[in-house]
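Q: Which chain is which? The protein sequence lines are A and B, in order.
Sequential numbering from -13 applies to the first sequence in my numbering.
Sequential numbering from 19 applies to the second sequence in my numbering.
Since the hints were derived computationally from the structure, they do not count as laboratory data.
There may be inaccurate statements among the hints.
To be verified - Capping the alpha-carbon separation at 30 Å, the derived lysine-lysine pairs in DSS-like fashion look like this:
1. B:355 x A:37
2. B:309 x A:94
3. B:286 x B:299
4. A:189 x A:304
5. A:189 x A:166
6. B:299 x B:332
7. A:94 x B:286
8. A:94 x B:231
9. A:304 x A:166
10. A:166 x A:94
11. A:37 x B:90
12. B:231 x B:196
13. A:37 x A:94
14. B:299 x A:94
15. B:231 x A:25
16. A:94 x B:332
17. B:196 x A:37
18. B:231 x B:65
19. A:25 x B:196
20. A:94 x B:347
To be verified - Okay, the calculated bits of chain A under chain B, using three or more residues with CB under 8 Å as the criterion:
21. 57 to 69
22. 84 to 93
Said to hold, decoys possible - Here are some chain A residues the structure puts well away from chain B; computed CB gaps all over 10 Å:
23. 45
24. 52
25. 152
Even for Gly, the Cβ is constructed at its ideal location relative to N, Cα and C.
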Amino acid sequence: MAQITYREALNQALREELDRDERVFIMGEEVGYFGGAFKVTDGLLAVYGEKRVRDTPISELTIVGAGIGAAMGGLKPIVELMTINFALLAIDQIVNSAAKIHFMFGGKATVPLVIRAPQGGGHQLGAQHSQSLEAYFLHCPGLRVVIPATPADAKGLLKTAIRQIDPVMFLEHESLYGVKGEVPEDPEFMVPFGQANVIREGKDVTIVTYSKCVYDAIAAAEVLENSGIDAEIVDLRTLNPLDMATVVTSVKKTGRAIVAYEGWRTGGAGAEIAAQIHEAAFDSLDAPVVRVAALDSPMPYNKHLEHASLPSAGDIVKAAEQLT
Amino acid sequence: MALERDKHTAQHALLTLHESQLLDLYRRMTLIRRFEEKTAEMYSRGKITGFCHLYAGEEAVAVGAIYALYDKDYVVSTYREHGHCLAKGAEPRVVMAELFGKATGISRGRGGSMHLFDQDLRFMGGYAIVGGGLPIACGLALAVSYNEGPEVVCCFFGDGALPQGAFHETLNMASLWKLPLVFICENNFYGMGTLVQNAISQEELYRFAEPYKMPGVRVDGMDVLDVYGATMEAVARARAGDGPSLIEAVTYRFRGHSMSDPAEYRSKREERIWQERDPIKNLRRRLLTEKRATESKLGEVENEVAATIDDAIKFADESPEPSMDELGKGVYASEDK
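This is chain A alone, in the form it adopts within the complex:
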């Protein structure tokens, strides 16, 4: 298997799906001639042309709305939002249209639309360019929320997203584009939705996480091992569908759980996961579920303040030590 980056894995998935299905096309700001603001669509325009790799004006609401309309018209659009922060300009079409059309039109319309967007902090981009907004979409019935951590999952989940029929928010992390990993080259390699991945087995505490925090959890587990704490790590991979069965099985074994995520602590995805753990496994818990998340504050520009605002491996270690 080849070692490629998360960015290359996404690019590969896009190429394979563009090759496989004529109805698949990409649309978004700077996806063509610029090659994507984060270079995920790099090189695609030259191969597939303007029809299938379409640069758009800066009009997020209508980019997403047009993606919905094109999907209803029989195409399989992949819309790229330059960053998740701009999804807020399109939230009407995402929440009021994409998420509801299948239901409110009596099941007769489908919206096979994938909306890709990078999110996350850590690059000193300030308050408006450092957000992790997965909880916004998790909150809304009708949307699938996919949030891969590894290059293999990035590829396999994106291919699944493109081939299925529900609208998908596909959330990438800006800090992960350069991360390398083994990725199958088989064009039929897919990662199913709703299957969490136990990436490290342990018996003392379960760390439930996704996206970039998976790497913080891995680093934390190594530190914890030295102090005799054996951590199990569950990478959720998709938040909708949410594989609570795998989480609950793990928590019943370890008796303790930390939810680590980069969204704001209050009302974040971790709050929902913690609540569900309490509902499903209260009797197995030796301690309340703990959240390790971002500070409830707009992101400061200053490097040290930004670092301290984000959840880290150290925070996870501290939480685990207090729990065990």
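Given the structure of chain A, go ahead and fit chain B onto it with the hints provided.
A: Structure of chain B alone, referenced to chain A:
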């Protein structure tokens, strides 16, 4: 200038349409009027609830515009969409059943008055966020263009949608990509209770076409032939690959914004003036004066329509409620059985 052209277009349509077509226009408008009158009655009887926005007074716009389309062409609409949906060919039975919230409704009782939809009729939905249908219409037109299809997308919206960003983004994109779109702005002078001149800096709404480099025209939205004529031109342009057009149809809703609005912001005098311009009565008078229809033929149509709507009410009333087993289902297409 625009009004001179309008009269010409309408007169041309009157001369070129066959008697059966003129009668068909009359039938469609009468059907919508009767449907809306009965809807109001059913609302006051508690058979229909929720928000309900009636189209009475504006029939000439939906009927005239949609008459210029082929069955395969798409229509995207708003929350005041009973008229568009019926004009696109929906059975009054299933539309009324939807308003009653019944399982037999066009959206299975899930949508209600504001969310009618029928993929087979290419009636692509009523959207209840002002301006919400515009970007979706843009996407449908993009799909047509992508597939090099012959279809045209006709997108209806009210004057209230013009100050929305979605309107400007969509017109820009549609023009930029020369999409096969016809934008039809139903200017009924009020966005809910706010006058157009209190909401929009340019009250000649068709002029918004100019910055987006597309033709813009103002038509008499109380004259079905005028709307039809102008839409024919716009549709031909779209189908030929020359891009979108904007039609402003000046019209008037005979009732308030919704069933709960007594329209106290309008004067009785103003309402009377517009009642005299009733698009259905005017077409009737014109067809008789120009000897394009007989009193007995028109009477026949009216009776037929009345029977159709009575049947729709009966069907809706007798239809079953959606099953409680449906609760929580239908959210994800991938989970449908």
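Q: Decide, hint by hint, whether the structure agrees.
A: Status of the hints after comparison with the structure:
1. B:355 x A:37: violated, 35 Å
2. B:309 x A:94: violated, 44 Å
3. B:286 x B:299: Given pair residue 286 of chain B, residue 299 of chain B holds - Cα atoms ~20 Å apart, limit 30 Å.
4. A:189 x A:304: With a Cα-Cα distance of about 18 Å, the restraint between residue 189 of chain A and residue 304 of chain A holds, given a limit of 30 Å.
5. A:189 x A:166: Measuring from Cα to Cα gives roughly 28 Å; hence the hint holds.
6. B:299 x B:332: Distance of about 27 Å is within 30 Å: holds.
7. A:94 x B:286: Between residue 94 of chain A and residue 286 of chain B the Cα gap is close to 43 Å, so the pair fails against 30 Å, i.e. violated.
8. A:94 x B:231: Violated: residue 94 of chain A and residue 231 of chain B sit about 36 Å apart, past 30 Å.
9. A:304 x A:166: holds, 28 Å
10. A:166 x A:94: violated, 42 Å
11. A:37 x B:90: Holds. Residue 37 of chain A to residue 90 of chain B sits at ~23 Å (cutoff 30 Å).
12. B:231 x B:196: Satisfied, since the Cα-Cα distance of roughly 10 Å is no more than 30 Å.
13. A:37 x A:94: holds, 28 Å
14. B:299 x A:94: Given pair residue 299 of chain B, residue 94 of chain A is violated - Cα atoms ~37 Å apart, limit 30 Å.
15. B:231 x A:25: With a Cα-Cα distance of about 33 Å, the restraint between residue 231 of chain B and residue 25 of chain A is violated, given a limit of 30 Å.
16. A:94 x B:332: Judged against 30 Å, a Cα distance of about 25 Å means the pair holds.
17. B:196 x A:37: Within the cut-off at roughly 13 Å; holds.
18. B:231 x B:65: violated, 47 Å
19. A:25 x B:196: With Cα atoms ~28 Å apart, residue 25 of chain A and residue 196 of chain B stay inside 30 Å; holds.
20. A:94 x B:347: Since the Cα atoms of residue 94 of chain A and residue 347 of chain B sit roughly 13 Å apart, the hinted pair holds (cutoff 30 Å).
21. 57 to 69: holds (count 6)
22. 84 to 93: holds (count 7)
23. 45: violated, 4 Å
24. 52: violated, 4 Å
25. 152: violated, 5 Å
Hint compliance for this structure: hints 1, 2, 7, 8, 10, 14, 15, 18, 23, 24, 25 are not met, and every other hint is.
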